[in-house]
Amino acid sequence: MEVASIIMPLYYSDRSHACEICQVGGKGMSMDNLPVRDHPFYQGLHRGHLLYLRCDVCDRVLAYGACQCSRCPESTIRWESSAGLGRVRGRVTYHRSHRDDLPAPYDVVVVQLDEGPRLLGRMSANAESVKAGARVRAQIHNDELVFVAE
Amino acid sequence: MAKHSSAKSAIVGLGFSELSRRPIGSARKLAADAVRDAMADANLSPCDVDGLLINRSPLVDPASMPLTLQNDLQFANLRLLSSIEGQGSSAVQMIQYATGAIRAGMARTVVCVFADTPVQPQGGGQAFAAPLEISGIPGWEAQCGLYGAPGAYALAADEYLSYYGLDRDCLAAVAMSDREWAVRNPQAFLRKPLDLAQYQASPWVVEPFRVLDCAYPVNGAVAVVVTSTQQAPNLTDRPAYVHGMGQGHAGSAAQFARRDCMPPLGAGLAGRIACDMAGVTPKDISACQFYEAFSITTLLVLEANGFCEPGSAGDFVKAGETSPGGRLPCNTGGGHLSGYYLQGMTPLAEALIQIRRQGEERQLDDVALQLVTGNGGCLDYHAALLLGSEPRL
Chain G
1 MEVASIIMPL
11 YYSDRSHACE
21 ICQVGGKGMS
31 MDNLPVRDHP
41 FYQGLHRGHL
51 LYLRCDVCDR
61 VLAYGACQCS
71 RCPESTIRWE
81 SSAGLGRVRG
91 RVTYHRSHRD
101 DLPAPYDVVV
111 VQLDEGPRLL
121 GRMSANAESV
131 KAGARVRAQI
141 HNDELVFVAE
Chain F
1 MAKHSSAKSA
11 IVGLGFSELS
21 RRPIGSARKL
31 AADAVRDAMA
41 DANLSPCDVD
51 GLLINRSPLV
61 DPASMPLTLQ
71 NDLQFANLRL
81 LSSIEGQGSS
91 AVQMIQYATG
101 AIRAGMARTV
111 VCVFADTPVQ
121 PQGGGQAFAA
131 PLEISGIPGW
141 EAQCGLYGAP
151 GAYALAADEY
161 LSYYGLDRDC
171 LAAVAMSDRE
181 WAVRNPQAFL
191 RKPLDLAQYQ
201 ASPWVVEPFR
211 VLDCAYPVNG
221 AVAVVVTSTQ
231 QAPNLTDRPA
241 YVHGMGQGHA
251 GSAAQFARRD
261 CMPPLGAGLA
271 GRIACDMAGV
281 TPKDISACQF
291 YEAFSITTLL
301 VLEANGFCEP
311 GSAGDFVKAG
321 ETSPGGRLPC
331 NTGGGHLSGY
341 YLQGMTPLAE
351 ALIQIRRQGE
361 ERQLDDVALQ
371 LVTGNGGCLD
381 YHAALLLGSE
391 PRL
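Taken in sequence, the protein lines are chains G and F.
Under our numbering, residues 1 to 150 are what the first sequence spells out, in order.
Under our numbering, residues 1 to 393 are what the second sequence spells out, in order.
Just chain G, same shape as in the assembly:
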């Protein structure tokens, strides 16, 4: 079956249109979804740390994306270094490549870090047996994060 034309029109508009989407689309759908290098998470990776968020007042672990604690109205948030250990909650395999430096097949996982938050990540290429429920460890190399089997 014609995979591309059945599925892709949903997510891949023609080029001229897509540029407009970039500029005016809602942020959740933005094509301009490039890493923000001055974001603390990326700065952490650059220094070799996997960071996550806590409330400065109650110490509660917060989800990535939070800008305040749900219970402490006056709180500030702080980034902390994770031990990098966690458990895979879900794993998907892309069977086609979407960009040159990421050849298919490759796997994307949601990992629940031992500290609590859920983090999206890439699974290392030689970890085929790792499924949901498996223990994994974060490995940071050249600003890149991959999870490997623990």
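These are computed hints drawn from the structure, not numbers from a lab.
Bear in mind the structure is a predicted one, so any value in this text is a computation, not a measurement.
C-beta atoms are modelled at their ideal positions from N, C-alpha and C, and glycine is treated no differently.
Worth double-checking, as some hints may not be accurate.
Example chain G residues on the side facing chain F (calculated, C-beta under 10 Å, incomplete) [claimed, not checked]: (1) 37; (2) 42; (3) 66; (4) 73; (5) 102; (6) 117; (7) 132.
On the provided structure of chain G, position chain F as indicated by the hints.
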């Protein structure tokens, strides 16, 4: 079932543009076609309409569906005009806001329209895949290679199946149930009978999703007309009465740790609010029309609404309970997977066709109360509607 709930509004007109896999004009032009068809269906002239709500795909330029659609349609002196943006929950939201406006006396006859033209000759290109933002870290989805909505939903699907130890045939069952209905619907696009082997031969998109787990996009538009319960019988023999409405936006399922492994689906909240408003329970619902752009959604929403115990929706669907002849017919036009993908208008239009008893081969006997859902983001934004054939329950 409670016998004292009165309808809040009624849907009296349903209109379609041409639906096609070929380019058939702009979304704006198709929207106008559908609105004209809906007005003709309800015997209305432009001067009878005093409200217009517009819904476009969240993936397109807002200028493709502008408020000046009002002028294309020669609507003058509107009392209500807005573009509604709740991603996949927008179509249901339009009915909700139209109902609120009508009951508050702001407007009397409100047209709601959705149009989209995702299928283009250049479509299918490899160049763009908008990552659905689910991580909470700017740009992180693309860094990880999580491109497109299928990836985000596939992660939710794998987590669900893994947690409950279910096999992927649960997803196949949804695709096959939809197809059984589509076989009976002349308006559906994928109508050849589908068995498990054929499903399993369908190519991967993002494992565990195959092509047949994903919505089938078409170009087209759908419009409906909402009015008061008093006015409705003057416009049509078979109004669809709005008995319950609810929304639920629980926060990103991907970011928060799950309780009992169910994603914190706002779907359950939306459904409960709608049932409370109508004075009913899920047991009183005779059929469901879900927004299910991916097969997994049907399973999660069946459970979130209390039709099935957590982890058991796959067995429910495999047993044929959502298929023709089942206890809870779902997506009776073929849904998004086999019918056509016009976002929230697909389930809404099918519910209306059933209430009007225009379902031909797929016509349900019991159309007393149907649940219609909307779902946007990655299981983030939910809206629910309870539609009935009678003004009182």
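For each hint, the structure was consulted:
1. 37: holds, 9 Å
2. 42: For residue 42(G), the interface hint holds, since the closest Cβ of chain F sits about 8 Å away, which is under 10 Å.
3. 66: Check passed: Cβ of residue 66(G) comes within 7 Å of chain F, closer than 10 Å.
4. 73: violated, 18 Å
5. 102: Residue 102(G) check passes; min Cβ-Cβ to chain F is 5 Å, inside 10 Å.
6. 117: At about 7 Å, which falls below the 10 Å cut-off, the nearest Cβ of chain F leaves the hint on residue 117(G) intact, so it holds.
7. 132: holds, 3 Å
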